[in-house]
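Take the given structure of chain A and dock chain B to it, following the hints.
Which chain is which? The protein sequence lines are A and B, in order. All residue numbers for the first sequence refer to the working numbering, where the first residue is 1332 and numbers rise by one. All residue numbers for the second sequence refer to the working numbering, where the first residue is 1332 and numbers rise by one.
Hints may be right or wrong, so weigh each one.
No distinction is drawn between identical chains; accordingly, a pair holds when it is met within one copy or between any pair of copies.
Claimed, not checked - In silico DSSO-like links for lysine-lysine, alpha-carbon gap of 27 Å or less: (1) K1556 / K1411; (2) K1556 / K1535; (3) K1562 / K1663; (4) K1367 / K1644; (5) K1373 / K1646; (6) K1438 / K1411; (7) K1663 / K1514; (8) K1373 / K1361; (9) K1367 / K1411; (10) K1556 / K1612.
If you're looking for bench data, these hints aren't it; they were derived computationally from the structure.
Number of protein chains: 2
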Amino acid sequence: MAVTIKHIADKAGVSLATVSRVLNDSGYVKEETRKKVVQAIKELNYTPSAIARSLTKKKTNVVGVVVPDINNPHFGELIKGISKVVDAANLNMILCDTDESTEKELKALQLLREQRIEGIIVSPTSNENDFNSECLNTLENLGIPIVLLDGDVKYSNFSGVFVDNIKGAYEGIMALIKEGHSKIAIITGRINSKPAKDRLIGYKKALAANNIDINEEYIFYGDYKEESGYKLTQEILNMKNRPTAIFTSNNMMTLGCIKALNEHGISIPRDMSIVAFDELKVLNILGMNISFIATPTEEMGRTAMELLLENLKDKEKSHVNRITMHPKLLLKGSEKFKK
Amino acid sequence: MAVTIKHIADKAGVSLATVSRVLNDSGYVKEETRKKVVQAIKELNYTPSAIARSLTKKKTNVVGVVVPDINNPHFGELIKGISKVVDAANLNMILCDTDESTEKELKALQLLREQRIEGIIVSPTSNENDFNSECLNTLENLGIPIVLLDGDVKYSNFSGVFVDNIKGAYEGIMALIKEGHSKIAIITGRINSKPAKDRLIGYKKALAANNIDINEEYIFYGDYKEESGYKLTQEILNMKNRPTAIFTSNNMMTLGCIKALNEHGISIPRDMSIVAFDELKVLNILGMNISFIATPTEEMGRTAMELLLENLKDKEKSHVNRITMHPKLLLKGSEKFKK
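The following block holds chain A by itself, in its conformation from the complex (with noise of 0.2 Å):
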């Protein structure tokens, strides 16, 4: 049931005007009385989103979205997607940036609980094995639809867009392999996160798939962080048994990786092959001929908010929606083997 302000009037022991005057901070009322207001708020716990909310039954417009990384230009893309639906909707749109962290990833849950939002798009960060359920909680506990892009989230059952990373990654190995290459190095994401996860799992697929002995010292655990595609490729060029081929599990990393290869002369891909995952567009402006992985990102964007709609239109009818699209290869000759 709804707290209203006759139950504070009533747990307080004053009137009606007085709760009105406490709540709009107008008028006279003794400190002792007011205190005594305050904390019939406090016990019943009235929060003030839920007056907002109870009001006026008026539509705020307003939907929510949490990405991991802002600065990252993949959720700058999937963002641009999710705006041109909401502009179209005539709908407004806040962003939480979880910097990859799943502490900050509840708080911005937790956040747009307290915000008058009238649904949620997810790009998980916290996604398997983390032990703490609290992001799934708060999740099934918001009371508005939700729509997850881009990960999934394990033991949940939410609408959402996602993209098949076992086979796109699959794919890219496979182009690798054709060329020639079989000492083919992976730097994976964050290996908590379910599409690093699957992205590993597709490289190991594809080597499988031609038999070739998957070497655990290939394996390159990366955080989806520039950095870590910077270090890991500097120590993959350090290896006594050196692989010919990179293949990289995200845009940032990629960067990295090219930066170390710039730093030391080497060059793609007369001397390292490359594919990578995620489409860098700065790469093309460039002209720099990277193949590519490509998700169909501002499409996916799109996608996700179009099921928000669909959900925020009839909320009664909602049915889980799941869609998974395809990446696209997209070969440039960086996956080129100079025998």
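Chain B only, in chain A's frame:
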């Protein structure tokens, strides 16, 4: 004077208890009576947020940040700086992107007014000669601390962190002139924005200081977006009396400019010299030596948030504090003149 539920009760000619029931959507109220109350709420402009704020004086610990383009790494860096202070102070942040549209900026500010936030940092999209002064009015009526970042708002006197755009552009152009250039094109930003205007002033000032005539044909009006840098560079390359150097007024247009030069097989600086406003870290990562006028973006974001924090801590004492930072010229050879 704040509107209270007493005012609503008087206006609607009903009791406080009735208003309370309508506000809380609890208990029985005749439909006709409900309509009267809702009408009174509307006429008195009694917004949910007004209640929410006055309700408890409970701190929400949320700050709002409004930027023109989150897909632009310049704003990504500013946000990174803001985030660091937000995290250290254990606050939360919600972001709004205006997509370089003054219309969306107004919507964003109105949205934040409805949300429960304690302070706001705005990197303005609309600022000069926008005859609709709605954004300014909205800002001034927010009733919470405001800090401007990166761009100023005419006729306003908010605290803020700015950059000396005139000086930055002046020094960039001086470096080109020193190399022997006199035919220097500029690609401006959205010219109704103060930074764009100031960068153009710096350009003209440097030419004047060297007794070089200002050739209006060398002034190309862009809009901060990559596409305009690309198109305008193509125009520059098609000129009969082609300039020997290009000054680009922001990072995204620099990307577009480089793209056009690449496509025409124009080498930097052999065939064309460049000095660019705003650092593009990705170019450094990729080993491309473009000379920049670098603004201390992360520091600017940090400082803006620190200013806001001061104002939040002591609203009474808060005074207007306007800080101007100095950009730094980073010469990497792209400004050179090959005779």
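These are the hints, each one checked on the structure:
1. K1556 / K1411: both (21 Å within a copy, 14 Å between copies)
2. K1556 / K1535: within (22 Å within a copy, 41 Å between copies)
3. K1562 / K1663: Both. Shortest intra-copy (25 Å) and inter-copy (25 Å) distances satisfy the 27 Å Cα cut-off.
4. K1367 / K1644: Classified as between: cross-chain Cα gap 26 Å, same-chain 41 Å, threshold 27 Å.
5. K1373 / K1646: between (30 Å within a copy, 25 Å between copies)
6. K1438 / K1411: Both. Shortest intra-copy (24 Å) and inter-copy (17 Å) distances satisfy the 27 Å Cα cut-off.
7. K1663 / K1514: within (20 Å within a copy, 37 Å between copies)
8. K1373 / K1361: within (18 Å within a copy, 31 Å between copies)
9. K1367 / K1411: neither (49 Å within a copy, 42 Å between copies)
10. K1556 / K1612: Result: close both inside a copy and across copies, 17 Å intra and 14 Å inter.
Checked against the numbered hints listed earlier, the structure breaks hint 9 alone; every other hint is satisfied.
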